[in-house]
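Visitor: These are the residues of each chain, in order.
Number of protein chains: 2
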Amino acid sequence: MRLIVPATEGRAVKVRSGQRVRVTDLEGGQVGDVFAFAADDVNEHLSASHTRAATSRLFPAVGEQFVTDRRRPILTLVEDTSPGRHDLLIAACDPARYRALGVPGFHASCADNLARNMAGLGLAIPTPQPVNVFMRIPVADDGRLSWLNSISRPNDSITFEAAMDCVFVVSACPQDLVGINGHEPTPLAIDLLDGRQGVSEQ
Amino acid sequence: MRLIVPATEGRAVKVRSGQRVRVTDLEGGQVGDVFAFAADDVNEHLSASHTRAATSRLFPAVGEQFVTDRRRPILTLVEDTSPGRHDLLIAACDPARYRALGVPGFHASCADNLARNMAGLGLAIPTPQPVNVFMRIPVADDGRLSWLNSISRPNDSITFEAAMDCVFVVSACPQDLVGINGHEPTPLAIDLLDGRQGVSEQ
Numbered sequence: 001m002r003l004i005v006p007a008t009e010g011r012a013v014k015v016r017s018g019q020r021v022r023v024t025d026l027e028g029g030q031v032g033d034v035f036a037f038a039a040d041d042v043n044e045h046l047s048a049s050h051t052r053a054a055t056s057r058l059f060p061a062v063g064e065q066f067v068t069d070r071r072r073p074i075l076t077l078v079e080d081t082s083p084g085r086h087d088l089l090i091a092a093c094d095p096a097r098y099r100a101l102g103v104p105g106f107h108a109s110c111a112d113n114l115a116r117n118m119a120g121l122g123l124a125i126p127t128p129q130p131v132n133v134f135m136r137i138p139v140a141d142d143g144r145l146s147w148l149n150s151i152s153r154p155n156d157s158i159t160f161e162a163a164m165d166c167v168f169v170v171s172a173c174p175q176d177l178v179g180i181n182g183h184e185p186t187p188l189a190i191d192l193l194d195g196r197q198g199v200s201e202q
Numbered sequence: 203m204r205l206i207v208p209a210t211e212g213r214a215v216k217v218r219s220g221q222r223v224r225v226t227d228l229e230g231g232q233v234g235d236v237f238a239f240a241a242d243d244v245n246e247h248l249s250a251s252h253t254r255a256a257t258s259r260l261f262p263a264v265g266e267q268f269v270t271d272r273r274r275p276i277l278t279l280v281e282d283t284s285p286g287r288h289d290l291l292i293a294a295c296d297p298a299r300y301r302a303l304g305v306p307g308f309h310a311s312c313a314d315n316l317a318r319n320m321a322g323l324g325l326a327i328p329t330p331q332p333v334n335v336f337m338r339i340p341v342a343d344d345g346r347l348s349w350l351n352s353i354s355r356p357n358d359s360i361t362f363e364a365a366m367d368c369v370f371v372v373s374a375c376p377q378d379l380v381g382i383n384g385h386e387p388t389p390l391a392i393d394l395l396d397g398r399q400g401v402s403e404q
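Protein chains in written order, with the numbering used here: chain A, 1 to 202; chain B, 203 to 404.
Next up, chain A with everything else stripped away, as it sits in the complex:
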């Protein structure tokens, strides 16, 4: 079953342990901010810093797992058809980020998209650091980070298997002032691969 994540918006799905969920970059060059929360207690969330401690990598390799802030596996990275450039260093964009970039009024953001979708499920949480799929932030030898445009191609995808029942949220990043999306946000898709679980659309 497929759920479209319109450009600049977010969507949430509930995923059962053992079920696979795929994020597809429909048009190419689009970053997705992915969040995952334990279904039975959304205070437990996928954590970048605990995942790096578990994998000793900036981003897990295929076959490795993302863990929560309680060090429990939550998602396994099972397939990646993209060039493999993903980010686990950068915070979700938010209203403060766009104000700092000079936007005077409203601008859609991944943090707002997350909050809105969680609220739609009756849940309220602070914004964890996301898994930024298809986001290209290379690290130079001296530790400098570069913000480059995504190089995923149309229909490239990354697939996860849930290691626990979880709430899985994807925001099609609205960033159009920094070049990570080529200044043109486009949609993503979420596919639940075995259809055992309904989709909660917000």
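No lab work stands behind these hints, which were simulated from the structure alone. The beta-carbon is built from N, C-alpha and C at its ideal position, and this holds for glycine as well. Heads up, a few of these hints could be off.
Claimed, not checked - Taking beta-carbon pairs under 7 Å as the criterion, some of the chain B residues facing chain A (in silico): (1) Ser251; (2) His252; (3) Arg254; (4) Ala255; (5) Arg259; (6) Leu260; (7) Arg273; (8) Arg287; (9) Ile292; (10) Pro330; (11) Gln331; (12) Val341; (13) Leu347; (14) Leu350; (15) Asn351.
Said to hold, decoys possible - Estimated spans, in silico, between C-beta atoms of each pair: (16) Ala61(A) <-> Ser258(B): 20 to 28 Å; (17) Gly105(A) <-> Ala326(B): 35 to 43 Å; (18) Asn351(B) <-> Asp142(A): 19 to 27 Å.
For chain A, the structure is supplied; the task is to place chain B on it using the hints.
Guide: The following block gives chain B in isolation, referenced to the frame of chain A:
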């Protein structure tokens, strides 16, 4: 005014905006987990992922600032006499980490040290990702992380200037099963450099 942080323990101090606070590695080779919280609302905390977005570096350079999860500057890195190896990638050690490393019973941890000191101030917060001063986690070209022993020398120090009134917590990391402290935890010191503000010892 100097406050000793005994090996494997933590201490908290309140630091006023504009005041400087120094962390000294008394014997050398010791990692310190540093946390900072806005004094007027400890739900706002120094955030690694927002700091990386602000500085475009894995770790700020001298003169650059750490920011909170609301993207407000909280600490400026003003001086560093150490070889400059610090970490902003790895979660604080906690009971789950030591259980996974095979410790059957109690083991001191930076997360517990933080919680105990915040509780001593009447405060309760989830554990943010720390600033791991003197911790050496180099990143290889392929994204792999190595866990190396600290190379700070006796009396090396790193100094911050508070950009807002904050609660500043240092844990002398108790990790003795992974080699980051050379398997021998030792004490640190916290110096408040202008003495305008009392120290809250927990």
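Visitor: Against the earlier hints, flag every one the structure doesn't satisfy and list their numbers going up.
Guide: 8, 10, 14, 15
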